[in-house]
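Order-wise, the sequence lines are chains A and B.
For what it's worth, the numbering used here labels the leading residue of the first sequence as 1, then goes sequentially.
For what it's worth, the numbering used here labels the leading residue of the second sequence as 1001, then goes sequentially.
Everything labelled a hint here was simulated from the structure, so no lab data went into it.
Backbone N, C-alpha and C fix where the C-beta goes; we use that ideal spot for every residue, glycine too.
Hints are all accurate, no fakes.
Computed footprint of chain A on chain B, listed as stretches where at least three residues anywhere in the stretch have a Cβ under 8 Å from a Cβ of chain A:
{"no.": "1", "stretch": "1033–1043"}
{"no.": "2", "stretch": "1139–1151"}
{"no.": "3", "stretch": "1252–1266"}
{"no.": "4", "stretch": "1419–1433"}
Ranges of calculated distance between the beta carbons of each label pair, as one might list FRET restraints:
{"no.": "5", "chain 1": "B", "residue 1": "Ala1002", "chain 2": "A", "residue 2": "Thr3", "range": "48 to 58 Å"}
{"no.": "6", "chain 1": "A", "residue 1": "Thr3", "chain 2": "B", "residue 2": "Ser1133", "range": "55 to 65 Å"}
{"no.": "7", "chain 1": "A", "residue 1": "Arg60", "chain 2": "B", "residue 2": "Arg1105", "range": "50 to 60 Å"}
{"no.": "8", "chain 1": "A", "residue 1": "Glu34", "chain 2": "B", "residue 2": "Tyr1217", "range": "19 to 29 Å"}
{"no.": "9", "chain 1": "A", "residue 1": "Arg60", "chain 2": "B", "residue 2": "Pro1293", "range": "27 to 37 Å"}
{"no.": "10", "chain 1": "A", "residue 1": "Lys33", "chain 2": "B", "residue 2": "Tyr1321", "range": "45 to 55 Å"}
{"no.": "11", "chain 1": "A", "residue 1": "Asn2", "chain 2": "B", "residue 2": "Asp1361", "range": "25 to 35 Å"}
{"no.": "12", "chain 1": "A", "residue 1": "Thr3", "chain 2": "B", "residue 2": "Glu1419", "range": "50 to 60 Å"}
{"no.": "13", "chain 1": "A", "residue 1": "Arg31", "chain 2": "B", "residue 2": "Thr1409", "range": "53 to 63 Å"}
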Amino acid sequence: MNTHKKLADLAKTIRSKNAGTDKITFDIIFREKETYELVKRSKALTPDSVCRILNVDPARLTDFVEYDPAYAIKFTILRDRPSGSAGDGDIFGAQQYAPFLDVMVDISH
Amino acid sequence: MASLKIICPNGHLGFAPLKTGSFHLGVAAKPDFIAADSGSDDIGPVPLGNDSCASPRAWQEHDLEEMLLAARSLGVPMIIGSAGDTGTNSRVDMYVEIIRDIAARHKLAPFKLGWFYSEVDREYVRAKIRGGSPIKGLDARPELTEDELDATQRIVAMAGVHPFMKLLEAGCDVIIGGRSSDSAIFAAAALSRGYPEAQSYYLGKVLECASFCAEPYGAKETVMGEITPEHVEVTAMSPEQRCTVASVAGHAMYERSNPFHEFVAGGMLDMTDCHYDQVADKTTRVTGMEFEPVTEFRVKLEGSGKVGERFVGMAGIRDPYTIAHVDEVIAWARRQAEERFGTEGWELHYSVFGRNGVMGDLEPLKDQPGHELCIVVQGIAPTREMAEEVTMTGTRQLFYARLPDVKGTAGGVSFVLDEVMQASPAYRWTLNHTMAVDDPLELFPTHTAVIG
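Sequences are here, hints too, so could you generate the full structure?
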C-alpha cells in the first residue's frame, strides 16, 4: 500500500503572496480537519523542513503557525530584498509556492 | 441597535474592473455604505516613487462611476481609501476630479465631497528623528537613518479611521482618502454609527479584499458585511460564490504573516478566539473578536527611493553547452560593462528564466535548467543615455561571450528584439517604518466641497 502522498493531492490551496514589502507568506489550506491533522502529524511541514525546501537560513523564517480555524499551515519568510527592487523576479510573491506541491507526506500514521 | 450593512465591490479598486452583476445585487440589498480600498504595496515601489498609477485611468473611472451612481441613488455614503494605488496627493486630486466629472456628466443632485491627503514631507520626518523620536523599522528593518531618508523620493502615511470619521461627522456623502489602512475604511463607517471597535475593525478586515473571503475563487465580485454590537456576518453577492466558514477563516490569514493579529493605527485587532458559524447558505457569522487599544499612537510610513533610470533587454539560449555555462556567459557580459563604465555607479541585473528567474535563490531546482532559457537584463544608471548603453552592453555582449568549447561560433544567444527597451525608473522601498504622532489627525489634512 502507498504510504505517501504529494501535498498537492492533499491540500485544497497552496499559495504564496507578499505580506507587506519585506516578507512572503505561504498558506497551505486543507478541506477537511482529518487531512489537516494528518499532515500536521506527518511533520512534512515544520519550521526546519520549509527552510530546507526554500534553502533559507532559519533566521529568515519569521512565523510558522498551525491555524486551526481554517485547517491551515502558514509560514512567512523575509525576502532577500524588498519587493519590486530591480532583479526581483516576483513583485507580488505569488509564484513562490511551487516547491511545496511535490512535498511527500507520510499518510501511514 | 439595528444592524449596519456595507458592500465592497473590489479589493483593489481600479486594478481590474469590478464585476457589475454581483455589485448590482449588492446595491439591491440596500447597504448603508458602499466602500472600497484602491491601494496596495503589492505593486512594488515604482508607482509611489514615480507618483504614477499601476492601472489605466479608464478602469478606475469605471469603478468610481458604478459606485458613485449607486451611492447617490441609494442616498448612502461612498468611501474610497488609498486613491489611485498609492494614495499620494496627486492621486487624491485625480480621484476628486474624476468624481466631479462623473457628477457633472450625470447631472447628479448636489452632494458633499470630502477628501484628505497623506503624503508626509521628508523634513517633517527629519524633525522627528532630530527631536529624539525614532522612526522604528517594521519586519526586521533597522531604525530610519537620515541617509536613507535623503535617498527617499516620496513618503505616504497610512491613515487609520480618524480622517474618515472626521469627514463622516462633517456630513460628507463621498470620501476620497489618501493612503489608508484598508480595514479602517470600513471600520470608520461602523464606528461613526456607534458600533464597538472589535466588531468594526473585524468588519473592515473581512471586507477589505471583497470576494477573496468567498469561494470558489473569483476576484472583483461584491461581498456584503453586516455588523451588530455582537457579531459580523459576511455574505457573497455573486450567484456563484458563498462565504463559508473555511473561506472567511482562511481570509483572515491572507497577505499577512500572522492570522491572529491585525495592527492598525491606534490598536490591534485580536482574532485568536474568533468563532465562525455558517448561518445561511452564502453567509458566515463571526464572533469572539477583541480589540486592544495602544497607548503610544504610531503611524505606518511607506517610502520609495529612486535608484536610477532603467532599460530592459532580453536574450534566449538553446545550446545545451551554453545553458550549462550561462553564469560564465553573464559574467563575460558584466565584465564588458565594467571595462566600459568601471565597477560603480550603475547596476546590471540578470533574471534567468527556465532556471530560476521566478524564485532566484529560493529555487530548489536551479541546477536543473530547461532546454531553453530566457535571460531578462535590467540596466540601471543615473541618466537614460547611460542606462541604455549599460543595458545594451549587458545584453549584446551575451552574444559574444567566449566559452572555450562552444560549437556555435556565430553568436551565443538568440534575440527576439535586437534592442533594449526603456522601462520605468528603478525604485526601492526605503521606508516600511512607524512614526509616533501626538494627534491621530496631524498627518492627514481634510477638505470638503459641495459638488453640483
